[in-house]
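First to last, the sequence lines map onto chains B and S. For the record, in the first sequence the residue sitting at position 318 is 455 according to our numbering, with numbers rising by one throughout. For the record, in the second sequence the residue sitting at position 45 is 46 according to our numbering, with numbers rising by one throughout.
Everything labelled a hint here was simulated from the structure, so no lab data went into it. Heads up, some of the hints might be wrong.
[What the hints assert, rightly or not] The list that follows gives simulated cross-link-like pairs (lysine to aspartate or glutamate, EDC-like), each with its CA atoms no further than 20 Å apart:
#1 B:277 - B:232
#2 S:188 - S:67
#3 B:259 - S:175
#4 S:179 - S:24
#5 S:200 - S:24
#6 B:259 - S:144
#7 B:180 - B:197
#8 S:187 - S:35
#9 B:233 - S:144
#10 B:223 - B:272
#11 B:518 - B:408
#12 B:277 - S:144
#13 S:179 - S:67
#14 B:341 - B:232
#15 B:259 - S:177
[Stated by the list, open to error] Calculated from the model, a selection of chain B residues having no Cβ within reach of chain S, i.e. all distances over 10 Å:
#16 181
#17 196
#18 206
#19 359
#20 380
#21 473
#22 480
Where a beta carbon is used, it is the ideal one built from N, C-alpha and C, also for glycine.
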Amino acid sequence: MIINNPGSIPDVFIVADNILSPIGSTTAENMEALARGESAVVKHQHLDINPESIYISLFDDLSFNIDKSYTGFESLLITSIADAIKNLKSGYLDEKTILIVSSTKGNISLLETQPHTGELNKRIALHTSAQLAADYFGFKNAPIVISNACISGVMAILAGMRLLQSGQYENAIVVGADVISKFVLSGFQSFQALSSTICKPFDKDRTGLNLGEGAATVILSIHQQNSDDVKVSSGAISNDANHISGPSRTGHELGFAIKKALLDAGITAHDVGYISTHGTATNYNDEMEANAIHYAGLQHVPVNSLKGYYGHTLGAAGLIESIIAAQAIKQGIIFPSLGYAENGVSQPINVATSIINTTVKRALKTASGFGGCNAAMILSK
Amino acid sequence: MAAEKYITGTCNISNKRVVQNGETLFTGDASAVDSFLLSAYQHFHYSYPKFHKMDNLCKLGWLAAEVLLQGFDKNYYHAEQLGTVLMNANSSLDMDLRYQASMAGVPSPSLFVYTLPNIVAGEICIRHHFKGENAFFVQPNFDAAFLVQQVGYLLDHNILQACICGWLDVLGAEYEAKLFLVEKVKKENAVAFSVENIK
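Please model the entire structure based on the sequences and the hints provided.
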C-alpha cells in the first residue's frame, strides 16, 4: 500500500471554489443561505418539464448574461468557473492547468428542442461542452470529462488530485453541472424515486429525492494560496457488482472505499470530524450508506445530507457537497440535515439536527450512484 | 514506484468482427447493431439472460469483456483489486435517443437506467465480480496516452492489480469496442502496457 509520502508526492489544495445554485451565486452566498436554513427546493410549476407542480430546485434563468451560443448547461459551467477563478490570488491558467468537467446528462435537453441530426449528436456530446468551456477561458490543454453517474463530482476531484500528484499538472479546474430537463425528470419519476415534499434524508418518513440544478467548481493546486486552504488527502472508488439500479444491501463496498480512503490518508475512524453523505432520501441509498458508515466504524461522527437544501444536483452534487465540507473545516460549522427528525435507517447514525459549531480537522465525503459505483474522499486541514 | 504492466488480453469488436488477441473469432453478416451483437452472443453459446435486457452499449461491452476475460482466473485477485477504466465519445446517446422516443408513452425505468454511460461498467462488474475502481470518461477520440496514464496510476499505486480498460462506443449503426486487460504479471504473449502498444 502506498501511503502519502512527503517529499515525493505534493499536497493538493483547494485554492478557490464556487457554488452556483438557485440560493446563491457564490460559495459565500450559499453558506449564508444554509446558515438561514434556506432550501433551494421549492414547489415549482414548470410546464416544460412536468404537467404538475413538483418540489424541485430550479434556476429562474440559465443564461447568466453569457453569449447565447452557449446552452444553459454550458452557461452554468462557464459562470461557475469564472467566479472561482476570480477568487484566485494569482492566476494559474497556463499549460500546467487541466480542466475536468463532471456531468451526468449535460446538454441532453437539446433532444427536446432541436431536430435530431448528426450535427446535434456532436453538439450534445459532453466533450463538446467541455471544449467550449476550455476555449472560453483559453485553457491550453484538452479537457477531461467524467460521466460516472452520481459519483461524477467526487470522482472528478479525485481525478484532479491524482493528476496533480503524478506531476503531470500543477493545477486543475474541476467543474460539475447538470440541468433538469423533462428527460431527466421523467426518468426519476419512472423509478418512483421522487418525493412529494422536500426530501428527508435518513428520516423515518422519507419518501424519496428531489432533483436540483446547480454547478460548482473547485480549483486544485499544488501551490497553496491561502493559509486556510483545505487539502484533498485521499479518496477511493468501488463498485457494488450487485445491481445496476439498486445499491448493495450490505454497504460493504462503499465501506471498503471509506476504509481505503482512511488508510491512504494515514488516519483512522477516530480522526474524522464530519461526514457529508450522499443521502438521497431514497430508502435503499440511505440504508446502504448507514450500513457503510457502521462498517467503517464511523457511526458516532456527525453526518448530514445537503439534499434537503439543494435536491440532487447529479453531476454537480459531489462538488457542491465537497465545497461545503471544506467550509466545515475552514469555518468549524456543520449544518443540520434539513428534513431529519427521527431515525429511519436500521443502523442509526449521528445525523446533525441543528447547527454544530466545532473544530473539524478532517471530513469524509461519500457518494454513490447507478451502476453500483461508490466514492469516498478525505478532506483535511 | 512504477510497476511493470502488461497487456494480457485484448478484444476488438467492430465492422462485424470479434477479434481476440489479434485473432478473428467471429465474423457476422448482420448489419444492424442489435442483430450483429445477438449473432455474436449466439455464436459463442453464451447464456446470460440479462444480456437481452441491455442496451447496445452494454451488450457491446458485455460481449467484449466476455471474450477479453476468457482464460482469466479472477481467483488470483481480491474483487476490490479488479477495476475498469472506460472511455467513449458519445456517452449513452444511442440509448438517450431511444429513451427520448419512448417518453411519448409511459417512461420506463428499465430504459432510463441505461441512459448513463457507466452502466456498462456496472454490467461488467456484476458479471465478473469486479469491485474495485471504475471510471468512465467522455473524450472526442480514443486517447491512448490518457488511458495509459490513468490505468498506470491505479496499478502503480496498488489501487488495482488488474484492469479492463479501453474504448466502448455505440451510436446508431456505428459501434466499436477496443478493450485491454492489463495486469502486473507477465503472461504468455503479453506485451508491455504502453501508448504504442494500444494505439
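- Item | Distance restraint between residue 277 of chain B and residue 232 of chain B, which requires alpha-carbon spacing of 20 Å or less | OK: residue 277 of chain B and residue 232 of chain B at ~5 Å, within 20 Å.
- Item | Straight-line alpha-carbon gap residue 180 of chain B to residue 197 of chain B, limit 20 Å | holds (13 Å)
- Query: Straight-line Cα separation of residue 223 of chain B and residue 272 of chain B no greater than 20 Å?
  - Reply: holds (17 Å)
- Are the Cα positions of residue 179 of chain S and residue 67 of chain S separated by 20 Å at most? holds (13 Å)
- Message: The output says residue 359 of chain B does not contact chain S. Does that hold with a beta carbon cutoff of 10 Å?
- Response: holds (16 Å)
- Classify the label on residue 181 of chain B as holds or violated, using whether its beta-carbon is more than 10 Å from each beta-carbon of chain S. holds (19 Å)
- Item | Satisfaction of hint between residue 175 of chain S and residue 259 of chain B, Cα-Cα up to 20 Å | holds (14 Å)
- Message: Hinted pair, alpha-carbon criterion (20 Å max): residue 179 of chain S, residue 24 of chain S. Please report holds or violated.
- Response: Answer holds: residue 179 of chain S to residue 24 of chain S is near 14 Å, not above 20 Å.
- Claimed clearance of chain S by residue 473 of chain B, with the beta carbon kept past 10 Å: Nearest chain S Cβ is 31 Å from residue 473 of chain B, so the label holds.
- Query: Does residue 188 of chain S pair with residue 67 of chain S here, judged by a C-alpha cut-off of 20 Å?
  - Reply: holds (19 Å)
- Message: Would the hint linking residue 259 of chain B and residue 144 of chain S be met if the CA-CA limit is 20 Å?
- Response: Holds - the C-alpha atoms of residue 144 of chain S and residue 259 of chain B are around 18 Å apart, at most 20 Å.
- Query: Taking the minimum C-beta separation from residue 196 of chain B to chain S, is that value above 10 Å?
  - Reply: holds (22 Å)
In this structure, the earlier hints numbered 8, 14, 20 are contradicted, and the remaining ones agree with it.
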